[in-house]
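Asks: Assemble chain B onto chain A, guided by the hints.
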Amino acid sequence: MQYMCLIYSQEGSGPQPGTDEFGPFMQGYTDFTQRMKDEGKLIAGDALQPVATATTVVTRNGKSEMVDGPFAETKEQLGGYYLLECQNLDEALACAAQIPTVTYGRIEVRPLLVWD
Amino acid sequence: MLPPARAEAQITRLIREDWGRILASLVSSIGDYALAEDSLQDAVVEALGRWSDTGLPRNPDAWLITVARRKALDRLRRSETAARKAPDLVLWLEGLGDAAEDAPMLIPDHRLELIFTCCHPALEEKSRVALTLRALGGLTTEEIASAFVDTPAAMAARLTRAKKKLRAAGVPFKLPEMEDLHARLDGVLKVIYLIFNEGSHASSGTLSRADLVAEAIRLGRILKGLLPDHAEITGLIALMLLTDSRRLARTDAGGSFVTLEDQNRARWDRAKIAEGAGLVEQALTAGPPGPYALQAAISALHAQAPTFASTDWPQIVALYGALARLDPNPIIRINQAVALSYAEGPAPALALLDAVAEAQDLSRYQPLHASRADLLSRLARHDEAAQSYRAAIALARAPEQVDFLTRRLNALDTP
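In order, the protein sequence lines correspond to chains A and B.
According to the numbering used here, the first sequence is numbered sequentially starting from 41.
According to the numbering used here, the second sequence is numbered sequentially starting from 610.
If we strip away everything but chain A, and leave its shape as in the complex, we get (with noise of 0.2 angstroms):
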């Protein structure tokens, strides 16, 4: 089954650039879609810029609309994600569980809806 990682977390919370964490939480990162690369289990997997990159689109009625950020204000933004192909629900979660930011921020889990 192919599970959705999505990770989110508070913008300037956790180990930041020029900081003595950095080095050893980006190598955590690195290591850990190493791992699911070695298990068989990465799909893909990035990190998404911050909200004030973010554009969001919504048409309504025909009419189309652009607003800046993201798509609601909220403390916790989305900030990343891994796309993992695992057995079952706990091998999800056992692997969520090791993406550096859950120490800090959450991982949310959902499986991929198939269609037929």
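Read the hints as simulated data drawn from the structure, not as lab findings.
Mixed in with the good hints there might be a few duds.
Said to hold, decoys possible - Every beta carbon over 12 angstroms from chain A, so not counted as near; a handful from chain B, in silico: (1) D647; (2) A671; (3) R679; (4) R686; (5) G706; (6) D759; (7) E786; (8) R856; (9) N873; (10) G896; (11) R934; (12) R987; (13) L988; (14) R1017.
Claimed, not checked - Computed cross-link-like contacts, SDA-like style, restricted to lysine to any residue with a CA-CA straight-line distance of at most 25 angstroms: (15) K735/B - V149/A; (16) K81/A - K694/B; (17) K783/B - S755/B; (18) K77/A - P781/B; (19) K77/A - P64/A; (20) K115/A - R75/A.
Unchecked claim - Going by beta-carbon spacing under 10 angstroms, a handful of chain A positions derived as facing chain B: (21) Y43; (22) F65; (23) A94; (24) N128; (25) A132; (26) L133; (27) V149.
By construction, the Cβ of each residue, glycine as well, lies at the ideal position given by its N, Cα and C atoms.
Replies: Leaving out everything else, chain B in the frame of chain A:
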């Protein structure tokens, strides 16, 4: 032949007893909880119809499993998408052929996997409780609804959502990995204890308190049988037995709540106390005690004391101390203060209570005000006691609580 109503009652009771084990076996072989449960339900309907006429088969469990598998195949054949998604299952079920319905069958016990599945953290707590009652207790949707004071429709919707989530999210039907077992077991114990508390406090509905209490204890025993080396399970069973041993003494003839101090100890169930105390001993000697074992130990000390006054209060104070180190819930420290008041006196107890209140904001916490009021009244500080009782009454939610606290408040005016 038994008269129809008697036969049906006997059949229902038998099915209900074995329901968990039969369902667990079906889920294990069919691989899909919802399909297994629906198919078993179909088989039960047929059993109720046929057995009333023909009598019980030689191997009722085997009969139900065999027929349920046929019903599962019927269901898969009726739904094109379901059959397409599970070709291996269809093949396997077809391969079973026409086995004699009550041919003897070895039925391995998969109830442990079933309990862990129903209590999976992917489900919200109330759904875990409801699903456990359904899957392992064999309770009907109506019975579970009444335990929660929900409508059957709301409970049915909840169970449907839970079963959908199990399938859609891919919750596996297997035991947790070793490194997760402890945490997942904690979750299961919590569900069982919630069922017990629901039964101890349930004030309405057609399902009596006693049924849920008995169900929780039964589930605890099943779990202990399946995981004999986990002392916290023993601790939980002990706690449930000891708590339940006082059930008849907890309310008076008018239905009002009676405190431990005032309970008629002759109404305590000595058999439950004996078994509970034995289990406490087992749990405490198995290693560092967990919270259930500690609570059970405290309960055992109460149960074994001939009178309230002769209770081993210092030991209870120490046990609450150990419990507080495992659980930050303020009620533990408050109970410790109350025990201290009997071990050493109300004044040191009040000091402890004030320290607890200082450490965190408990201004809206009713037990704090109720305990303060009691200690103050025993120190003859009646005006302050009255104030605290009023604060407690304002925060109390259950009518029995309000009633009890009001009586205490009024008693203060009596010289």
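Asks: Next step is simple, just say for each hint if it's right about the structure.
Replies: Hint-by-hint comparison with the structure:
no., hint, result
1, D647, "holds (21 angstroms)"
2, A671, "holds (30 angstroms)"
3, R679, "holds (26 angstroms)"
4, R686, "holds (17 angstroms)"
5, G706, "holds (29 angstroms)"
6, D759, "holds (27 angstroms)"
7, E786, "violated (8 angstroms)"
8, R856, "holds (39 angstroms)"
9, N873, "holds (50 angstroms)"
10, G896, "holds (27 angstroms)"
11, R934, "holds (25 angstroms)"
12, R987, "holds (48 angstroms)"
13, L988, "holds (48 angstroms)"
14, R1017, "holds (45 angstroms)"
15, K735/B - V149/A, "holds (21 angstroms)"
16, K81/A - K694/B, "holds (22 angstroms)"
17, K783/B - S755/B, "violated (30 angstroms)"
18, K77/A - P781/B, "holds (23 angstroms)"
19, K77/A - P64/A, "holds (20 angstroms)"
20, K115/A - R75/A, "violated (30 angstroms)"
21, Y43, "holds (8 angstroms)"
22, F65, "violated (24 angstroms)"
23, A94, "violated (28 angstroms)"
24, N128, "holds (4 angstroms)"
25, A132, "holds (8 angstroms)"
26, L133, "holds (8 angstroms)"
27, V149, "holds (8 angstroms)"
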